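Chain order of the listed sequences is A and B. By the numbering used here, the letter at position 176 of the first sequence is numbered 176, and the numbering carries on one by one without gaps. All you need for the numbering used here is the position in the second sequence, starting with 1, plus 389.
Source of the hints: derived by calculation from the structure; they are not laboratory data. Just so we're clear, the structure is a prediction, and the values are computed from it rather than from any experiment. Certain hints may be false.
[Unchecked claim] Computed spacing ranges between beta-carbons, pair by pair:
#1 A/LEU186 / B/VAL617: 34 to 42 Å
#2 A/ALA198 / B/ARG554: 28 to 36 Å
#3 B/ARG644 / A/ALA275: 41 to 49 Å
#4 B/GLU599 / A/GLY46: 17 to 25 Å
#5 A/ARG292 / B/ARG644: 32 to 40 Å
[Stated by the list, open to error] Derived, one-sided and incomplete: chain A residues facing chain B with beta-carbon distance under 7 Å:
#6 LEU20
#7 GLU98
#8 ALA145
#9 ALA166
#10 GLU206
#11 ALA208
#12 MET253
#13 ILE281
Ideal Cβ positions, reconstructed from N, Cα and C, are used throughout, including at glycine.
If you want the building blocks of each chain, they are given just below.
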Amino acid sequence: MRPVDLPSYSRNLHPGAWWLWAIGLAAAASRTTNPAILLIILGVTGLVVAARRSDAPWANAYAAFLKLALVVIAIRVVLQSLLSSQSQGVEVLFTLPEIPLPDAAAGIKLGGMVTAEAVLRAFYEGLQLATILCCVGAANALASARRLLRSVPGALYELGVATVVALTFAPQLVTDAARVRAAHRLRGRDDRGLRSLARTVMPVLEGALDRSVELAASMDSRGYGRTTDAGRVSRLTTGLLTFGGLFGVCVGMFGLLDGSSPPMLGLPSLLAGVALSSCGIAVGGRRTRRTRYRPDPWALPEWMVSGCGFAAAAAMFATAAVDPAALHLPGPLAVPEVPWIAVGGVLIAALPARLAPSPPSGSLHRAVSSPARSSFEASLAADQRRETA
Amino acid sequence: MSTAHRLIRLRPRSALALAVTSLLGLVAFGWPLFADAGSAVDTSHSADAPWLFVVLLPLLAAVILAELTEGGLDAKAVAVLGMLAAVGAALRPLAPGAAGIDPSFVVIVLGGRIFGRGFGFVLGALTLFASALITGGVGPWMPFQMFGAAWVGFFAGCLPSLRGRWEVWLVAGYGFVASVGYGALLNMWFWPFGAYGPEVSYVAGATLLENGYRYGAFWLTTSLGWDVSRGVLISTLVLLAGHPVMSALRRTARRAAFDVPTEFGVGSSR
């Protein structure tokens with residue numbers, strides 16, 4: 001057993017594993033409007049994020065997503081109670097003053113009686129979306145964007161590099177702006193208000209553009225952009241696969257949207273198109289032969305974490321097949337029941353709180369203390385060395 | 390001298406791919422309006438239809454971006470692309486309100502205007518992608534935002550070549566239209582997911598006209614205020630800063646000499 005296979009070996013989990021886990025949980029949440037299960041899923045995401053998030057800046061994303069989720073629920077409940085009509089239930093909670101609307105808005109009713117059924121239904125549907133949002137937020141908080149970018153397919157290599165440039169320099173622009181403002185203060189100029197903002201923006205932008213030209217020169221001088229010549233055959237294969245795939249997707253979409261088309265035209269040709277396009281991207285990536293510098297391993301913990309997400313989704317789909325009534329309340333006012341298979345699957349998804357290796361602490365401080373720019377150039381140079389070796 | 394320094398050239402092949410993926414992208418936005426009653430994506434008997442497009446769109450984005458950069462971007466294009474995306478991404482968290490007012494459009498519009506439509510498309514997509522990574526905002530909405538912003542940058546590169554005082558007014562007007570259009574389009578992706586009220590929600594199987602009317606009412610009552618205020622902000626920023634920023638971008642284009650082909654021949658070295 002390699003050390004990377006042990007959950008006790010402190011390292012960053014492959015970001016793809018966290019995304020698979022989160023997608024599994026989100027798929028599970030999309031199958032049910034039962035508030036008991038949804039709340040358990042919410043709790044599971046919160047638990048795992050609390051246990052395994054790093055001290056990186058994006059680790060706070062979960063809180064932001066949680067706030068967004070609360071806003072989603074609030075908007076739904078408020079809109080539903082403003083626009084509620086008696087058709088949704090009979091249990092009147094309270095009555096709002098009704099605003100008369102002109103006839104052009106036929107059927108729209110603002111205010112009036114608000115029923116418990118309408119409010120609860122809006123709350124449960126909002127809770128489902130909020131749970132899916134929190135699953136996505138958990139993946140954002142746990143998976144490192146920078147590491148995820150290393151796994152972009154070769155056909156998108158240049159854009160991956162451009163994104164890394166953007167991620168590296170965006171924080172530096174904030175520093176630049178602070179420096180320009182300090183210079184303004186030293187000259188005795190006011191550093192507040194719109195006028196000073198305008199005086200700050202242009203120097204920062206000019207500096208950024210100058211730096212991009214310098215960066216391009218430095219990349220050129222390190223031999224960046226050397227591509228092995230793809231050749232006519234490879235280009236033709238890529239084009240055929242890509243356009244064949246796009247054609248398949250077009251036909252599939254038409255088949256899905258048109259009610260009278262034969263069923264063969266829909267999903268099957270869409271899937272075939274997706275497969276062809278993916279092959280096109282894979283083949284197009286072969287023109288850049290690059291080895292990865294210190295690739296993230298996909299070891300036992302990665303399998304276990306993504307498997308836990310899969311287990312949650314599988315348990316939910318199994319429940320949907322066996323006992324679909326348990327996943328949706330018979331009426332908004334019913335007491336939710338707890339289907340044990342589904343809940344068991346969701347609880348398995350909480351295991352990564354222990355199974356995933358804990359992220360190395362203090363990695364942030366090292367990353368910050370070395371200047372961002374030189375570390376980018378160093379990794380670029382290392383890439384190039386590998387490439388030429 | 391041409392108005393645009395084309396950093397990413399649109400060859401016939403990539404133009405065709407762009408047209409097809411844009412059409413598919415539009416369908417992914419607007420399918421609720423076009424879906425027939427009784428078709429496979431009719432949400433009245435399956436609630437999964439909207440997710441299909443959420444899954445499909447990232448692949449479409451990858452296909453078109455790979456096709457646009459198929460010849461391999463040179464180092465200068467990568468550096469300028471990354472730097473402008475960094476500026477846009479750094480502007481984005483400054484915005485008050487999560488998704489509403491978004492000053493990064495200024496960078497996308499002006500970048501597309503100066504460096505051409507292919508570059509504008511890639512810049513729009515990349516700016517939204519990078520800012521989602523920085524702020525931890527990766528989610529099902531991201532590919533839709535990427536497509537929307539990419540179109541904003543693309544059409545900015547298609548504006549007629551006009552120089553002098555009128556150029557700023559042209560770009561500012563475009564910025565307003567593009568921001569409002571972006572807002573109107575972007576609501577579309579989550580519209581079928583929810584019930585907002587009897588008269589503004591998506592009704593599966595209704596005719597194009599009925600659902601169009603419902604969507605119009607939804608847009609007017611929810612997001613029009615945000616979209617118009619964003620449009621006003623963008624066009625004001627372009628009017629204030631458009632001239633110096635465009636000169637700075639043109640200067641960069643000249644300094645880096647994007648249009649000059651590099652040739653290594655027998656005569657070039659002594």
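Results of checking the hints against the structure:
no., hint, verdict
1, A/LEU186 / B/VAL617: 34 to 42 Å, "holds, 40 Å"
2, A/ALA198 / B/ARG554: 28 to 36 Å, "violated, 19 Å"
3, B/ARG644 / A/ALA275: 41 to 49 Å, "holds, 45 Å"
4, B/GLU599 / A/GLY46: 17 to 25 Å, "violated, 41 Å"
5, A/ARG292 / B/ARG644: 32 to 40 Å, "holds, 34 Å"
6, LEU20, "violated, 14 Å"
7, GLU98, "violated, 14 Å"
8, ALA145, "holds, 4 Å"
9, ALA166, "holds, 4 Å"
10, GLU206, "holds, 6 Å"
11, ALA208, "holds, 5 Å"
12, MET253, "holds, 6 Å"
13, ILE281, "holds, 5 Å"
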